[in-house]
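K.L.:
Chain residues, written in single-letter form:
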Amino acid sequence: MKIVRPGRVIGFTLLALGGIVMIMPLLFMLVTSLKSNSEIYELHVLPREPTLGNYIEILTHSHFARWFLVSFVVAAVSTVSVLFFDSLIGYTLAKFRFRGSGVVFVAILSTLMIPTEMLVIPWYVMAKSMGWLDSIWGIMFPGMMTGFGVFLMRQFFAGVPDELLDAARIDGLGEFEIFWKVALPLVTPALSALAIFAFLGNWTAFLWPLIVTTSPNLYTVPVGLASLSGEFQTDWEMIMTGSSIATIPTLLVFILLQRNIVNGITLSGLKG
Amino acid sequence: MASVTLRGIRKAFDRTEIIKGIDLDIADKEFVVFVGPSGCGKSTLLRLIAGLEDVSAGEILIDGRVVNNTAPKDRNIAMVFQSYALYPHMTVARNMGFGLRAAKTPTSEIDRRVGEAAAMLGLESLLQRRPGELSGGQRQRVAMGRAIVRDPEVFLFDEPLSNLDAQLRNQVRTDIKKLHQQVRTTSIYVTHDQVEAMTLADRIVLLRDGRIEQVGTPIELFTCPANRFVARFIGSPSMNIIPAQIDDNEIVLPWMRLPTPPLATRPTDGRIELGIRPDDLLTGAACHSVPEAYRFTAEVRVVEPMGAESQLIVSVGGQDLQLRLMGRLFPKPGERIACALDPAELHVFDATTGVAIGQRHISLQ
Ligand SMILES: Nc1ncnc2c1ncn2[C@@H]1O[C@H](COP(=O)(O)OP(=O)(O)OP(=O)(O)O)[C@@H](O)[C@H]1O
Ligand SMILES: [Mg+2]
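Protein sequence lines correspond, in order, to chains Z and G. In the numbering used here, each residue carries its 1-based index in the first sequence increased by 97. In the numbering used here, each residue carries its 1-based index in the second sequence increased by 50.
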């Protein structure tokens, strides 16, 4: 008979419970999106007559498609920008010694301690004075670079051996080419992780997009869905339907990138 | 092919001076080895020549041209790093051709040169692998291949063998020597291993603490060390150093007196050190080839048999001496054996300054 260790049983049980707790709201969301309006306040779990009506409704008779597009543009542009600039800054801080580099790094790190709630006022003032209110750029600009990303990339680049960069210098590459062709390919796991964080962060961002936008056609998905919840009535089935659709890109990004995190190119092959 | 000249080279990192004034001429086609203890600045000097660091003072000339402000890629050098520094995300072929590709060399030309270098080093079957899939020795050869493909005027090697096991190290050392005899490219090779230095070098540059202690052929450094440091560093096992005193016309050792050999100078306080290599400490019948005055008996302390020879530590007058005994027979610890100093091979150093003042240095000073 196979010996079952009690530690394993407890571990699995806890993990299973955790999993259920995490997945219940998602399932509830999905199930509700398949119910018709008359059913949503009924207590049974499965819809009596599952329907895709809500999906058709939200895609055709609301701004949802537009919000989705805005969200996607914001998240995609921010992610690309974060990947490029954070890794460039992180690389510079990890591999070049210059006067004040330590101060710059600490200053960037310290931004991690300031919550968004405190930043929205200066952002707003800035956006207003620059004329960026109620524009896509207004939604995106605070997220074009992140302190966290700089920190993450700096730590990973610190692990890339200097001799490798020197070899590239002798091979005749310019400093930017060394970053682009030698250093960057070696930190793909960090890039993938950062891409996931950046995409999710922007995709789910609520407070700032809510503050900076006023026109419904510039809402992001979270802001748009919130606008469905009115003073007198809330279209729960629509919110659930929109939320269900909104999880698709998140899942895709995660599925596409997580493999990279696990099988990044290791730095083996450097030492003999 | 090119000569390399260093004129008054200095290098400081954050006000700490690491290279303290180096003057050196390296001829075209020469194989020069920088050797010295860890931290003496060998790698730094090599990196200065490569252009990976800027000199704080002085001039570097390659092929008669001052290259102080020339980028590494335009110095026409290739470097083999201690860690090999192969790009982990590229195949062997791409690693080797990377520099040429950066220089916009036509693909056919790159393929031809990579192919040639691979054939020279026996790497043909590995061209499509990545560095992570190679053994240490194979990686080392790829690193060499990458340098060869560039067809540089100067090869720079920074301890290229230190990550290999002992057996492979000997083999690759021979390969490097063969390669140099074949291509005759000026080479500068850094190591802290005096055996590598002795076997590879046309000339050895012995560095200590950012300064040159001595430059010369391996035999010159071995037979004519300029000071105690060089004498101890070159040769294995190290030279025995015996504290002594010059008294009138005799050298007073802790256990015997010797006739004073001709000296370049005499230290004012008379304190000297006598150096004798383990191979020049004679034992047994060989003792009869030297005058009576140089013979003595010593007690065997430690015996280290090595097969065809054994290394002994003997003790006399409170002084331990290392010596080498050829043949497969060796005494036991505690035995007393006849020994003798070979008068032709005695080295004399000023005890205070460490400078050699023995007979071989008379003409030099
Ligand atoms: N970039 C740097 N910044 C500050 N100090 C440095 C730097 N590079 C080297 N040094 C210092 O210079 C000294 C000489 O270093 P170097 O690497 O040239 O020694 P080495 O002779 O090659 O020693 P090893 O045999 O251990 O490789 C060391 O004390 C080292 O700490
Ligand atoms: Mg070194």
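It should be emphasised that the hints constitute simulated quantities derived from the structure, not laboratory data. It should be emphasised that the depicted structure is a prediction, and the values quoted were computed from it without experimental measurement. Cβ coordinates follow ideal geometry from the N, Cα and C atoms, glycine included. One or more of the hints may lead you astray.
To be verified - Below 27 Å or equal to it, Euclidean Cα-Cα: the simulated DSSO-like pairs (lysine-lysine) are:
hint: 1; chain 1: Z; residue 1: 192; chain 2: Z; residue 2: 278
hint: 2; chain 1: G; residue 1: 228; chain 2: G; residue 2: 79
hint: 3; chain 1: Z; residue 1: 192; chain 2: G; residue 2: 227
hint: 4; chain 1: G; residue 1: 123; chain 2: G; residue 2: 79
hint: 5; chain 1: G; residue 1: 123; chain 2: G; residue 2: 154
hint: 6; chain 1: G; residue 1: 154; chain 2: Z; residue 2: 278
hint: 7; chain 1: Z; residue 1: 278; chain 2: G; residue 2: 123
hint: 8; chain 1: G; residue 1: 227; chain 2: G; residue 2: 382
hint: 9; chain 1: G; residue 1: 70; chain 2: G; residue 2: 227
Stated by the list, open to error - Just the calculated beta-carbon pair ranges, DEER-fashion:
hint: 10; chain 1: Z; residue 1: 232; chain 2: G; residue 2: 111; range: 57 to 65 Å
hint: 11; chain 1: Z; residue 1: 212; chain 2: G; residue 2: 186; range: 36 to 44 Å
hint: 12; chain 1: G; residue 1: 287; chain 2: Z; residue 2: 104; range: 55 to 63 Å
hint: 13; chain 1: Z; residue 1: 209; chain 2: G; residue 2: 287; range: 57 to 65 Å
hint: 14; chain 1: G; residue 1: 215; chain 2: Z; residue 2: 212; range: 49 to 57 Å
K.L.:
Checking one constraint from the list: CA of residue 123 of chain G to CA of residue 79 of chain G, max 27 Å. Satisfied?
P.N.:
Status holds; Cα separation ~20 Å.
K.L.:
Would the hint linking residue 227 of chain G and residue 382 of chain G be met if the CA-CA limit is 27 Å?
P.N.:
violated, 41 Å
K.L.:
Note whether the CB distance of residue 287 of chain G and residue 104 of chain Z lies within 55 to 63 Å or breaks it.
P.N.:
This hint holds: roughly 57 Å between Cβ atoms.
K.L.:
Does residue 123 of chain G lie within 27 Å of residue 278 of chain Z when you go C-alpha to C-alpha?
P.N.:
It holds: about 17 Å lies between the C-alpha atoms, which stays within 27 Å.
K.L.:
Is 57 to 65 Å right for how far apart the beta carbons of residue 209 of chain Z and residue 287 of chain G are?
P.N.:
This hint holds: roughly 58 Å between Cβ atoms.
K.L.:
Indicate whether the distance between the beta carbons of residue 215 of chain G and residue 212 of chain Z respects the range 49 to 57 Å.
P.N.:
holds, 55 Å
K.L.:
When you check the alpha-carbon spacing of residue 192 of chain Z and residue 227 of chain G, does it fall within 27 Å?
P.N.:
violated, 35 Å
K.L.:
Check whether the Cα positions of residue 192 of chain Z and residue 278 of chain Z lie no farther apart than 27 Å.
P.N.:
holds, 15 Å
K.L.:
57 to 65 Å was suggested as the range; check whether the CB atoms of residue 232 of chain Z and residue 111 of chain G agree with it.
P.N.:
Check passed, 60 Å falls within 57 to 65 Å.
K.L.:
Does residue 79 of chain G lie within 27 Å of residue 228 of chain G when you go C-alpha to C-alpha?
P.N.:
Holds: residue 228 of chain G and residue 79 of chain G sit about 13 Å apart, inside 27 Å.
K.L.:
Measure nothing beyond the straight line between the CA atoms of residue 123 of chain G and residue 154 of chain G; if it is 27 Å or shorter, mark the hint as holding.
P.N.:
holds, 13 Å
K.L.:
Below or equal to 27 Å on CA atoms is what counts here, so check residue 154 of chain G against residue 278 of chain Z.
P.N.:
holds, 15 Å
Going down the numbered hints, you'll see the structure goes against 3, 8, 9, 11, while the others check out.
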